[in-house]
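Peer 1: Protein chains in written order, with the working numbering: chain A, 1 to 306; chain B, 1001 to 1306.
Keep in mind the hints are simulated off the structure, nothing from the lab. Some clues are possibly wrong.
Straight line, CA to CA, 27 Å or less: simulated DSS-like cross-link-like pairs of lysine-lysine [to be verified]:
1. 296(A) x 1255(B)
2. 190(A) x 1290(B)
3. 190(A) x 1297(B)
4. 1227(B) x 258(A)
5. 1287(B) x 258(A)
6. 167(A) x 132(A)
7. 297(A) x 1297(B)
8. 290(A) x 1190(B)
9. 1181(B) x 274(A)
10. 191(A) x 1297(B)
11. 181(A) x 1255(B)
12. 227(A) x 1274(B)
13. 190(A) x 1274(B)
14. 214(A) x 1274(B)
15. 255(A) x 1296(B)
16. 1190(B) x 227(A)
17. 204(A) x 1191(B)
18. 297(A) x 227(A)
19. 1296(B) x 258(A)
20. 255(A) x 1290(B)
21. 1204(B) x 258(A)
22. 296(A) x 1204(B)
Number of protein chains: 2
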Amino acid sequence: MSLLVIGSLALDTIETPFGKAERTLGGSATFISTAASYFTDSVRLVGIVGYDFPESEIEFLKSKKIDISGLEISESKKTFHWHGKYDFDLNTRESLVTELNAFETFDPVISEKFRNSDYVCLGNLHPLIQQKVVKQINNPKLIMCDTMNFWIEGAYDNLLEVLKLVKLLVINDSEARELSKEFNLVAAAKKIMSMGPEIVIVKKGEHGALLITKDIIFSAPAFPLEKVFDPTGAGDTFAGGMMGWLAKTDDISEKNLKLAVIYGSAMASLAVEKFSLDGIRDLSQEKIMKRFIEFKKLTHFEEVNM
Amino acid sequence: MSLLVIGSLALDTIETPFGKAERTLGGSATFISTAASYFTDSVRLVGIVGYDFPESEIEFLKSKKIDISGLEISESKKTFHWHGKYDFDLNTRESLVTELNAFETFDPVISEKFRNSDYVCLGNLHPLIQQKVVKQINNPKLIMCDTMNFWIEGAYDNLLEVLKLVKLLVINDSEARELSKEFNLVAAAKKIMSMGPEIVIVKKGEHGALLITKDIIFSAPAFPLEKVFDPTGAGDTFAGGMMGWLAKTDDISEKNLKLAVIYGSAMASLAVEKFSLDGIRDLSQEKIMKRFIEFKKLTHFEEVNM
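Given the sequences, and given the hints that come with them, work out the whole structure.
Peer 2: Encoded structure:
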């Protein structure tokens, strides 16, 4: 099944306690589509970059069989540039520079071909842009949406409109609390479900993720890595792996949603082991499958009566 | 197999956003032995209370078939009294009053019968007292020990001596970080294993627990409750359920340690649904088993290849 990904492409400068990468490939759409590309050859990317975007990275996206016919290249502006610095514990980060550049005027027009996509990932964008994209798609099977505190605080009413249009919201724990005004994450997810999405996935960073529908709660741990190198893009990689699995299997049953969450978690755990996109640039199916099995060992136990 | 429990018995005054309980039964040994009593009839309690300790609570402990021949009742002092108040999110708490009373001079002498216990739980006590207890026990199969930041900061060298004597340390995440001086919890657990314990269990509160040995890592979630009423005693209830299961099955294989962690987590999740000890005062095996199965549904997924 085809998977449409809309979001940012960026050149990131990242500082962690373990090193620094300058103007390295980043952005939500980059992480989502790269992660998804390991599951399906039908990833379609819509985004914008500037005239300074390296040709080698265009080639990289093509090498992942990602359809980049929806990638606009601005001739007058540079690529979105974000410079972030992580604290020693990697849990807090400071944005030192945010230059939107070409991304500032991003106004995605979805091509005729892309309008018939089955699965859709709305990366973290202004809710008005997310809405505009949704209205261009014909009958998708599943729309997933991400958001962030910036939109919850600055475009709350627009975000509520988007939530009515999407089946699956992926959101981090603090944002789920902020959006719902509930501290307890189960209560928060239920409140968010009353706003529209039938499925809510709460990302808890190093504590894993919760999948919540009206019938089930499923808890996936984060992979207990001894060394996390760079958490940039982990949430988008999670979403990409998850949506890639759903598009590949074309099955949104609760049983398969659990698998999607585990594949997403596996991809995210591989991403944070290296800087920026490096952890998922060149993976084998064997390596992903090995991590999947490690998740099983990490969580499964026998059923034994008292 | 017999299970010896040494720790505090207290009368707690607890304030949460949902209510207040005054001078209600608490203390580490109370929670540990009550939780363990659902798994084995061979729980042996060593502790001290004051002349004000209610006769009805003595009867309660007896009703759980807990051997209280090691419970000292001071004729001159009152029972340990702790008064704590939880913040609205239940994650932080303030100790308003700590009156050690009879507990201040607690100097456990283990009876001849109790010295032959197979499994031993050292509740959170001064490491010198923990050491003194260990030296009185003949050839136990497994000693579990708990501790807290107060001893890590105030009796570090004594604590290091205890760690050399115990096979299993149960510790919360912030204390594991403080003890090991490692932020990453896997790295922290490995460092702690180099100090003595072969098995480290890191309690992460609402994020569950990690079981770490030289060969495996196992991650158990906390049960995603929509309403947590009172977290007091959750960690001790976890330890009691876990050690009760190990004593019942007399099996410390890694496979069975995983089950022990799940039974401990199930007991802790039942405990926090009510005030103080109320959540585990009167449970049926059916209710515990039902929660165990819910943990399986919460975490298990099929193995499906990419």
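Peer 1: So, for every hint listed, does it hold in this structure?
Peer 2: Results of checking the hints against the structure:
With a C-alpha separation of about 14 Å, the suggested pairing of residue 296(A) with residue 1255(B) holds against the 27 Å cut-off. A distance of roughly 23 Å separates the Cα atoms of residue 190(A) and residue 1290(B); the hinted pair therefore holds under the 27 Å criterion. Note on residue 190(A) and residue 1297(B): the hinted pairing holds, with a Cα-Cα distance of about 19 Å set against a maximum of 27 Å. For the given pair, residue 1227(B) sits about 24 Å from residue 258(A) by alpha-carbon distance, which is consistent with the 27 Å threshold.
Distance check on the hinted pair: residue 1287(B) and residue 258(A) sit about 26 Å apart at the alpha-carbon level, within 27 Å; holds. Note on residue 167(A) and residue 132(A): the hinted pairing holds, with a Cα-Cα distance of about 16 Å set against a maximum of 27 Å. The suggested pairing of residue 297(A) with residue 1297(B) holds, with an alpha-carbon distance near 15 Å, which does not exceed 27 Å. With a CA separation close to 23 Å, the supplied pair residue 290(A) and residue 1190(B) stays within the 27 Å bound.
Proposed proximity of residue 1181(B) and residue 274(A) is supported: the alpha carbons are some 24 Å apart, at most 27 Å. A C-alpha spacing of about 23 Å is found between residue 191(A) and residue 1297(B), which places the hinted pair at or below 27 Å, so the restraint holds. Only pairs whose Cα atoms come within 27 Å are accepted, and residue 181(A) paired with residue 1255(B) is rejected, the gap being roughly 41 Å. The straight-line distance between the Cα atoms of residue 227(A) and residue 1274(B) is roughly 38 Å, outside the 27 Å bound, and the hint therefore fails.
Simply put, residue 190(A) and residue 1274(B) have alpha-carbon atoms about 22 Å apart, close enough for the 27 Å limit, and the pair holds. Between residue 214(A) and residue 1274(B) the alpha-carbon distance is near 25 Å, which keeps this suggested pair within the 27 Å criterion. Restraint check: the Cα-Cα separation between residue 255(A) and residue 1296(B) comes to about 14 Å, which is no more than 27 Å; the hinted pair holds. Distance hint between residue 1190(B) and residue 227(A) is fulfilled; the C-alpha atoms sit about 13 Å from each other, no more than 27 Å.
Our distance criterion of 27 Å between C-alpha atoms is met by residue 204(A) and residue 1191(B), whose separation comes to about 25 Å. With a CA separation close to 20 Å, the supplied pair residue 297(A) and residue 227(A) stays within the 27 Å bound. The suggested pairing of residue 1296(B) with residue 258(A) holds, with an alpha-carbon distance near 13 Å, which does not exceed 27 Å. Among the hinted pairs, residue 255(A) with residue 1290(B) is consistent with the structure: their alpha-carbon atoms are about 20 Å apart, no more than 27 Å.
Of the supplied pair hints, the one linking residue 1204(B) and residue 258(A) holds, its CA atoms being roughly 23 Å apart against a limit of 27 Å. Under the criterion of a C-alpha separation no larger than 27 Å, the hint pairing residue 296(A) with residue 1204(B) is consistent with the structure, at around 20 Å.
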